[in-house]
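Here are the chains, one letter per residue:
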Amino acid sequence: MRSAGVEVEGLVKRFGSFAAVDDVSFAVEPGELFGFLGPNGAGKTTTISILCTLVELTEGTARVAGFDVVHDRSAVRESIGLVFQEVTLDDYLTGAENLRFHAVLYGVPPSEVKDRCRPLLDMVGLTERADQQVRFYSGGMKRRLEIARGLLHEPRVLFLDEPTIGLDPQTRKHIWDYVDTLRAREDTTMFLTTHYMDEAERCDRIAIIDHGQIVAIDTPDALKASIGSDTVTVATSDDAAAAQALAKGFDLAVETTEDGVRFRVPDGEGFVPQMFEHLALGVRSVNVRRPSLDDVFMEYTGHDLRDADAGIADQFKNNAMVRGFRRS
Amino acid sequence: MADAVLPARMPATAPLGVRREGRLIRNVRAVWMVWIRDLIRLKRTPTRIVTGIAQPLLFLFVLGAGLEHLIGSQRAGGVNYQQYLFPGILAMSVLTSALFSSIAIVWDREFGFMREMLVAPVSRSSLVLGKALGGGSVAVVQGIILVIAAPLVGVDVTVGSFFAMLGFLLLLAFALVGFGIVIASRMQRMESFQMVMALVLQPMIFLSGAIFPLVALPQWLGVVTRLNPATYGIDAIRRVLLPHIAPLTILSWTVPLWADALITFAFGALMLALAVRLFATAE
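Going down the list, the protein sequences come from chains A and B.
Numbering of the first sequence is given in my numbering, commencing with residue 1 and proceeding in unit increments.
Numbering of the second sequence is given in my numbering, commencing with residue 1 and proceeding in unit increments.
No wet-lab data here; the hints were simulated from the structure.
Do not rely on the hints blindly, as some may be mistaken.
Label pairs and their calculated CB-CB ranges [unchecked claim]: (1) Ser-192(B) <-> Ser-229(A): 47 to 57 Å; (2) Asp-23(A) <-> Leu-262(B): 51 to 61 Å; (3) Arg-186(B) <-> Asp-122(A): 22 to 32 Å; (4) Asp-68(A) <-> Ser-192(B): 27 to 37 Å; (5) Ile-145(B) <-> Asp-68(A): 13 to 23 Å; (6) Ile-145(B) <-> Asp-204(A): 53 to 63 Å.
Taking lysine-lysine pairs in the PhoX-like style, the calculated list, with each CA pair at most 25 Å apart, reads [as the list claims (entries may be wrong)]: (7) Lys-114(A) <-> Lys-142(A); (8) Lys-43(B) <-> Lys-114(A); (9) Lys-142(A) <-> Lys-173(A); (10) Lys-248(A) <-> Lys-43(B).
Chain B residues, not near chain A, derived (Cβ > 10 Å throughout) [claimed, not checked]: (11) Ile-40; (12) Thr-51; (13) Ile-53; (14) Ile-103; (15) Met-114; (16) Met-117; (17) Pro-151; (18) Asp-156; (19) Ile-211; (20) Ser-252; (21) Ala-259; (22) Phe-265.
Quick caveat: nothing in here was measured; it's all calculated off a predicted structure.
Yeah, the Cβ is synthetic: ideal placement off N, Cα and C, and Gly gets one too.
Based on the sequences and whatever the hints tell you, model everything.
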């Protein structure tokens, strides 16, 4: 008999008359990797802040690791770990000192601090830089240290707010390996926000929040199936004419993009031969794609999963590289 | 409901991998850790100590010497102006650095470290107490360094008066750090913090008797000086270092040293209690 990892019931948070979170309910099972996706400003950060006891809720109830976030704050804080989007390290302390500070505040006995820090520093590849002040670290190193710190006290519920943003694929892989190990060994519940599709794919379940409300919640496969159509992109010698022909001939909602004409049909592979019969234009390429989480996200929020991100150029680059490897 | 029959803290939800300290030990160690962090940071930014000491020395040896010449004949309590000024400068240095130590809180908020502390399972009082000890000890260390200048201006410091002075410096530092944290808890940005601090600090020093005897002020300002909490700490430090100086009076009541201590302590305790409350909503 265990309580759920996270239980949220009728959660509302108002800032003045604006409801940042508007009647949200969901439950995260213990040990689950739960993805919490949404465009910026949709209420993700507010929800996480409430669950972490940083912001007070207006209405409803929320329990984390079985403890009420309003009435049992201290127990909630003991049970959770956080890796924030923004850096929350002390620049003038060394990496090791930052970890020690955290360990002490979370009640790790002094005799165990070093033993606990070592494998984590190894994991994030900072062992050699551990005694250097954090202000001399690169952005990526800071994030890695922050992730190590969030795992240091082996929390029951770990909140990961875009934990790997801007990291190189190698480090991301290391971190996810460690997270998987931790989940397998400790049954840690993970609450993840991300703009990376491959990370969203790892989730047991995903909730999509938009305008303060949950618009979809299910497993990644079920969400993709719920859209139920393939995306076809066809590049021709005259895209404008092709778009017109397809819209008229098949009654499709088409969209002209840089890559060609794009539209959705229930059975993409079956549709392509019909399209060839109908189009009198020179077709340069055809691409048929099964629904991705990106499409799911687009369907429910009208935004692209990656576009909802800060949009820094090298993050896109990283993203493109990372999509190359998936969990085997 | 299931929670009605279950104990509030089920063993299944307790951390499996990590042995944790009890709540009390954890809080005590958190106070110590927040304190040590301030000292480590001070050690790594030594310019802070240099600037913290340079300004009082400038006051003492330049302003003090200049005014000494001007008012040389008017002696209060058998001491010359530099001697009179010395305890005031000492207190001023501690006061300034204690009050400004809370800038670290605004800083921590801007750079996100505040969040790391606020989500930790330790009480707000531990965090505030650690901050107060950190800011206080930095201020007192500066004060102790300044005592070296005492013989140069003809102030005799005995072992007894040194420790009595140290006690009052600690008390003053503790009170002003508390006041500083209260202000810092309400400030979102660095610029506003610095402006408010300058606005608070200067009247507090001018109206405390640190630089000139309060008898020189018009009566209505005299009332303000008695409401200034810094007045009492400064009065005590001066009386400890210069035994023949005229003590602070309120109307015809000569304020005893213990009352100086009590008022400073009460102000500090009030400020720290307020700081704990405000700190909780600092994010």
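* **Hint check, failures only** => When the structure is compared with the hints, numbers 3, 5, 10, 11, 15 and 16 turn out to be violated.
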